[in-house]
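Trainee: Protein chains in written order, with the numbering used here: chain A, 1 to 428; chain B, 1001 to 1428.
In case anyone wonders, no lab produced these hints; they're calculated from the structure. One thing to keep in mind: the hints can contain errors.
[Said to hold, decoys possible] These stretches of chain A come out as covered by chain B in the derived footprint (C-beta under 8 Å, 3 or more residues):
| hint | region |
| --- | --- |
| 1 | 185-194 |
| 2 | 350-362 |
[Stated by the list, open to error] One side of the interface only, derived from the structure: several residues of chain A facing chain B at Cβ under 8 Å:
| hint | residue |
| --- | --- |
| 3 | Asp39 |
| 4 | Pro126 |
| 5 | Ser127 |
| 6 | Ser129 |
| 7 | Asp233 |
| 8 | Arg235 |
| 9 | Asp236 |
| 10 | Val239 |
| 11 | Leu426 |
Heads up, the beta-carbon is just placed ideally off N, CA and C, and yes, glycines get one too.
2 protein chains.
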Amino acid sequence: MQRILSDQLVPHTGRTVRIAGWVHRRRLLKSVAFLIVRDSAGLAQVVVTDPVVRAAVEALPEETVVEVVATVVVNAAAPAGVELTDPVVRPLGPPAAPPPFDLYRPVLGAGLSTQLDNAPVALRHPSRSAALRISAAAVAGFRAALDTRRFVEIHTPKVVASSTESGANVFALDWFGRPAYLAQSPQFYKQLMVGVFERVYEVGPVFRAEPHDTVRHLAQYTSLDAELGFVADHRDVMVVLRDTLAGMLDAVGGRAGEALAALGAQLPAVPTQIPSVHFADALRIAGAPADEPDLAPAHERALGEWARREHRSEFLFVTGYPMAKRPFYTHPDPARPGYSNGFDLLFRGLELVTGGQRLHRHADYLAALAARGEPVEPYAGYVEAFRHGMPPHGGFAIGLERFVARLTGAPNIREVTAFPRDLHRLTP
Amino acid sequence: MQRILSDQLVPHTGRTVRIAGWVHRRRLLKSVAFLIVRDSAGLAQVVVTDPVVRAAVEALPEETVVEVVATVVVNAAAPAGVELTDPVVRPLGPPAAPPPFDLYRPVLGAGLSTQLDNAPVALRHPSRSAALRISAAAVAGFRAALDTRRFVEIHTPKVVASSTESGANVFALDWFGRPAYLAQSPQFYKQLMVGVFERVYEVGPVFRAEPHDTVRHLAQYTSLDAELGFVADHRDVMVVLRDTLAGMLDAVGGRAGEALAALGAQLPAVPTQIPSVHFADALRIAGAPADEPDLAPAHERALGEWARREHRSEFLFVTGYPMAKRPFYTHPDPARPGYSNGFDLLFRGLELVTGGQRLHRHADYLAALAARGEPVEPYAGYVEAFRHGMPPHGGFAIGLERFVARLTGAPNIREVTAFPRDLHRLTP
């Protein structure tokens, strides 16, 4: 008999079916026992009256993997309106050891640290798995939005001979006896691939050896990168980003609606035109001194509130960040060269996306590196490509975990990451 | 005026359009000059008769990025039956330096080493970019096939505290002062996630510090991993793999048909049931001694020819590899415990996929490690999870680059990899 999932019971009402999953919970009452089986689709209630079967169920602790052959009957009080009766219950493995927390309770009764130490089991709880389902849906939406716009997916090296962003916070490794580094971003490669496909994207891990121990930093995270050529300036990039975000949120709504509901999360609307303020105005709105070179988290929060109040938008572009605070490949604003054609996108008052227009002329790269006192040699393979014809281009990078955390209201990014890596955590 | 791509010219016949791209080639005849512009969609022929425009075009070397505003007219002799006349040509950047090889020739006239040294430019040639388009299509097909079958996409750590596969050939790195390693596969994590979602997949980089310098090994490659729970044995995994491969090839045909044609590649048919031979029989068919523990490349080639001859199949499963040659998490064949429930899939006589059923009982893991004289401690976080209820499960891993190389007939895997990493190559 073919196994069915718990969400396929209703059409099988009156018939004998086979389900399989984990013993989610047992309720051992006097005259009857209820066995709740969890599978990837949800929960199924099995009613046990036969004393022999009951004795077997009593010996199967929560999380034991079982198979149940039983009859589907209507019961308005059961989950989805049906339950399983006259069961034959067969374990598919040995009795499970009890996890360090009860997975059947609505809230996982353990601190985050215990959850992370026991991630393989903690992730089975809906509060944790829902975030990962949302994550999968968001990535699917990212790719679908860009596929429609003729972007080509690429896969680029994660080990490089020199650091991507100027210098610090890289993980060093030994590459067959040579020094090498984990890539902090696919920045250089996605730009180079604009020369091949015009429009490219990559979904992959990036590595930051930042000694931050905060709720919003990870040492490995999943970066959703896109880059496109033949732009007039950064505003063309912002249009694609807006549409990509809308596609991601549509996909989350469509593919992970139950997961959103499980977390009580609300999908934000993406305005047709996301409001945008120049950095200089952003400082004023946030009440920061006019000579601040960057936005602090408190400024971002203030801007998020302003966007919600003034524009009813949970998203806000800040454009024109000072050149001094942006990487060397950033294109300056031709009208105000101290400012850049770089932008950030704030989501609910937190930086979610960084992007902008990049330099595309070889001479500009040489000048930019010289102005920062950096040698060309470590970047030779990258900079050299700009001698051979590169169009005006730009792009953006979305931090997947940060996006999901902000969307679900998780206070710590680790709550939406399966197996986080940070300053302290290298296992499991 | 909105830019259009070169494959959108025909519906604009008779109108003035704007295109942009790279100077692919110039043909400077006496009375007329032809400017061939390359963009992401293909080539467009621009006819230049005005002496002033001609002088400008003469000053724009191949690979310079240009914008052309001109009128679309029918010309049966031109690519796609139309060409552009009365052009205004504007460079979008400085004149390009000539690449070390001519990109407009049908065959890239440079050895692979020169191509790889100059990858950002070499990849612009159709012979190289086509393989990457096929690669993108194949990955899209992989995901679509598994999404349909309720698999959930995951993202797992690429830096781990101990090596995934027993011991050798790992890249060591410094993780905030602690020793760590680049993940050789997402094997442990995808198994653990079967406990959460039952069915998972991951597309991501894996790292092998193998001192191989061969045409079919890379030190970083893209692994297409899938794992599923509640299987009877490895044969359930093989069914999913068969359908996934069919989905990949369908997607390549549908999304990258032109790229296939450019490489003269033929899509193989995937039999409804891929032929399968047991390892012991495979040795006999390949003419190998009966006590060989593994298949050598020559054996795989012989088996590939046999499958084509006897089953008209370009694919062949070899099942039941000896336990001695499979990793410790491999499930033995209950009927013949010296053999495993592990399999390889050969594609045109080369190993393309490795997969199998895994152990799912905690006690079996302890026994398997003990039998190999390996301590449990390095695997503690992984092995421990099996105490908490894991279903019978299995999975597979497809090497993306190897798949594309075999599909396109590329003799060296580096030809289908954008920026390969190997024993000698860490740049660009």
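Trainee: Now tell me, hint by hint, if it's right for this structure.
Mentor: Cross-check of the supplied hints:
no.: 1; hint: 185-194; verdict: holds (count 3)
no.: 2; hint: 350-362; verdict: holds (count 3)
no.: 3; hint: Asp39; verdict: holds, 7 Å
no.: 4; hint: Pro126; verdict: violated, 10 Å
no.: 5; hint: Ser127; verdict: violated, 12 Å
no.: 6; hint: Ser129; verdict: holds, 5 Å
no.: 7; hint: Asp233; verdict: violated, 13 Å
no.: 8; hint: Arg235; verdict: violated, 15 Å
no.: 9; hint: Asp236; verdict: violated, 11 Å
no.: 10; hint: Val239; verdict: violated, 13 Å
no.: 11; hint: Leu426; verdict: holds, 5 Å
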